[in-house]
Amino acid sequence: MDDLRNRYLAAIAGAGDESALEALRVQAVGKKGEISLKMRELGKMTPEERQAAGPALNALKDEINSALAARKAALTDAALEERLRAEWLDVTLPARGVARGMGTIHPVSQVMEEVTAIFADMGFAVAEGPQVESDWYNFDALNIPGHHPARAEMDTFYMARASGDNRPPHVLRTHTSPVQIRTMEAQGAPLRIIAPGRVYRADYDQTHTPMFHQIEGLAIDRDISMANLKWVLEEFFAAFFELDGIKTRFRASHFPFTEPSAEVDIQCTWVDGQLRIGEGDDWLEVLGSGMVHPKVLEAAKVDPAQWQGFAFGMGIDRIAMLKYGIPDLRAFFDSDLRWLRHYGFSALDVPTLHGGVSR
Amino acid sequence: MKFTLSWLKSHLDTTASVDEIAETLTDLGLEVEGVENPAEKLRGFTLARVAEAAQHPDANRLRVCMVDTDEGQKQIVCGAPNARAGITVVLAKPGDYVPGIDTTLGVGKIRGVESHGMMCSERELELSEEHDGIIELPSGSVGQSFADWLAEHDPARVDPVIEIAITPNRGDALGVRGIARDLAARGLGTLIDRDCDPVPGAFPCPITVTIDDDARAGCPVFYGRLIRGVTNGPSPRWLQDQLRAIGLRPISFLVDVTNFFTFDRNRPLHVFDADKIRGGLRVHAAQGDETLVGLDDKTYRFDPGMTLISDADGVESIAGVMGGLRTGVTEDTVNVFVEAAYFDPVRTALTGRALKVNSDARYRFERGIDPTWTPIGLEHATRMILDHAGGEPSEVVMAGGPPDVARTYRLDTDRVQSLVGMAIAPEVQRASLTALGFCVEGDLAHVPPWRGDVQGEADLVEEVARIASLTRLKGQPMARAQAGVPKPILTPMQVRIGAARRALAARGFNECVTYSFIDGAAAKTFGATDAARLENPISAEMTHMRPDLLPGLLQATARNQARGMADLSLFEVGPVFAGGEPGEQETVAAGLLVGASGPRDPHGARRPLDVFDAKADLEAVMVALGAPAKPQMFRDAPAWFHPGRSARLGLGPKKTIAVFGELHPRVLAQFDVKGPALAFVLYPEALPLPRKTGAARPALVLSDLQAVERDFAFVVDADVAAQDVVNAAAGADKALIAGVSVFDEFTGDRAAAQMGAGKKSLAIAVRLQPTDRTLTDKDIDAVAAKVVEKVGRATGGVLRG
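Residue numbers (our numbering), protein chains in the order written: chain H, 1 to 359; chain D, 1 to 801.
FYI, nobody ran anything at the bench for these hints, they're computed from the structure.
Predicted model, so just to flag it, every value in this text is computed and none were measured.
All the pointers check out, no bait thrown in.
In silico EDC-like cross-links for lysine to aspartate or glutamate, where the CA-CA straight-line distance does not exceed 16 Å:
#	chain 1	residue 1	chain 2	residue 2
1	H	295	D	453
2	D	778	D	709
3	D	356	H	155
Each pair of labels, with its calculated beta carbon distance range:
#	chain 1	residue 1	chain 2	residue 2	range
4	D	558	H	185	38 to 46 Å
5	D	686	H	354	32 to 40 Å
6	H	187	D	480	16 to 24 Å
7	D	619	H	342	26 to 34 Å
8	D	696	H	190	31 to 39 Å
9	D	213	H	185	40 to 48 Å
10	H	354	D	638	42 to 50 Å
Here a beta-carbon is modelled for each residue, glycine too, at the ideal position from N, C-alpha and C.
Use the sequences and the hints to build the structure in full.
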């Protein structure tokens, strides 16, 4: 019996494929297999012989079956290994369908959303107004009468009038401030808005483009003071530049539509020709602001005896340049794909206060 | 506005340093744009005395000097002819930078003799072009700073020049005295009294002055006087120094006097050569077309109404703007007529602007000068002319009368706290205003005549806060508009615009921000009229407000193609302008595609982009914006699209929500774009806003019954739209048919060969979703028959055999 066992186990171990294995199974434990025939002979044995040979044969049969199963599994594994080896690919080849590359959001759009997220938390809504504007909204209502030197200094673009149309020409708004008037007219007081958008001035050189972006801020209530303005701006800069305790400096200035007026500087320093915001002893002018002039409130049908508040105007392109280290304003409007990809933002980088406003 | 420190100090008694003064000016709202301090580059140079000077052993023209310095006696080799024992010199030591030779000194050997420094000439210190010898000082002690010595003995050489920016309201700061007054009010010194007694006239003025009624508004008052027997010539050195320091060229004394008072007191004056005036002077309004050659040698022609000053020979001066050449003062003038007049700011501004003259006089009159100081200024000028040029003054002639500019406002001392948020004691507030020249009586503040900008109570607050310094302002938290979590603030349209932008970027588009103005030809191509044309464009490329975003994107594409980039997908979300009136503006989103679907790769995925790529992007954005699922498609896209490869999407035939297609080859040629280019424009403002129904979704209904899909191939005429086949099939059983999609189109010559000329085959899959029971073959056959029938009736299509 040992002989039988050794022979079959050796044969199973040596079987090269599943059909050889099946032949061995039939030969050993099939209906007419060697072991099956031996088991049939058990009936002819004496009880004593049977008692010895029966369990031995059953054990042999189990052992052969196990060996067959194990060998079959080994053969399947080997076949799979072989297939996988054949299926090898050079996965360092480029990915499929990288399509046209990453899309990007322009820095102006991104920064507008950042600013909006911050001011929204302080209760400022987003107001809009036309970019072709009447001279009344752009100038007169803002306490800039026709002869005021500020009008000449603003390098205003005028819209052409058809011959026979003798109204004063419309202008391309020189600032976002007309939105103050339009929003106060429409909503009255109290009021808190920001108004981002395109503005236009006839100026083109290293640091000026004939179109750029501003954001106006306006808060009107019964008791809003310039000290509130300072706090709001300091909170804004801290959130926008993500710098705690960034210092601002208010300097007396003049704008026809605010009184008192202040230019606002933020703390900065220059290290190896690189500007760093929020450190050092230097100051960088970033915006103009002040308390809304009583004549402006009157022009917008808000009673200056009842209401007061602040307004400010800030360059969006400029704060984008400061925050993200973008050197040249003119490149903002050139649409150079390399620039768009380098300075642009991912579609999924939506600025939020909880997730952070910077990327 | 430029001035020197010494000029300032002639009005302000102060010990403050230049830096302190500059910082204070900026803080007061007189923003310093630059300080040029000649003493800066002289820092480090000290005085020394030559003890001995011996001939250099090996060089005839060199001397070896033993020089007493603050660091003991040093040996210095010097080539100056005047180097000799006993003279006080200016010493540069090893390590000092000498600006005139752009060198940092070291210890050197000159012809074998060690030299420990250098005795400087004026040119070497950039003080002048003088280089004949080294500086010899008449006084000074060894070790004293040279800059200090100059400040004491020759201050003009080290007089710092400060330049400030003037905001339009602060005409008064266009005179040095106004600047000094601000600084004194801040406490940086005291204002020096510079009054002068009137000079009595010795004889009646022979030149008469009249103001015509039509010029009274432009010139309310005119004073003048003749000074006869003056000696004109170069100005005294101090006056020339001051004028040169602020960038003015000294001309002759009489002219320099007028420039001096222009900058000293913000009081422009004019001097005439009295011998060239024929008859009296007449101030009048221009009739139109008069001409004058100005002091700048240019000829000016006048519009009716401009204020002019004429004599019997014609126009000789443009009021408040510029004098004329004919009657101007020369070196030979002996009889001078001095004019001090007050001209109206608005009229002066309009005249100056129309004639395009920017003169110091115009700049001041249009910002407003102190009208009450007009006669006083004339007296000051008379005194100065008599002192330096001699002569005999006439009595003063006057025409008109000074305008009344007296104004009084109530000073509410609580207002600084409530408006600015600064606590300033009432007596401090009154003292600030008084120092600025206001006359404060109780709670009334009378405005000084030089502060035409102060027009109300808020201006008083501004002055008080400005003098107290806004730098001291402390931020105070502003209460939330409402307690608790802030509410959303964006309007649904603002949300939609933002979504369009992010959806496009998510599909691989790069956002551009292009100019709102484009050139006229581009504007016309895209359907604009001249209604949105600029009157004063900055260049020929920027003459019209854009009627569409595509011109800007086409230009951007051309620029990028020129830089070698072939595969581009650019978009912009921004305003377009239908006309030139406020509000004729709409925010739209547009995308432009050129090139291939991606880079070349080993998977063979690259293919040229076509109109269906643009359609896919457009549909994706429309989904992101919640556009209606099935807008109608019209084949009448605008003319800048390829007529056969474009469409307009609308809600009804009138209301366009988007256009897309391949751009017209002629348009591409106009913009120098290598095509084909695919584009779409979406009008988010035309999409209806969804009705607000709350956050909860409708319940999800799912069927356990298997859906069944059946394919059909129809032979139709080649011009039948696939959408018509789909719509017809979908209409066959609206309850059962859950979707119809086109999965194959067989067209072209081979199709015609199989199915007949002018035919094509369209294959559609119809998906049936049973709702109450499993479909039997009979059910399915019935629906299929209806599909075939419907499609046949709508499009003439027959099942392909």
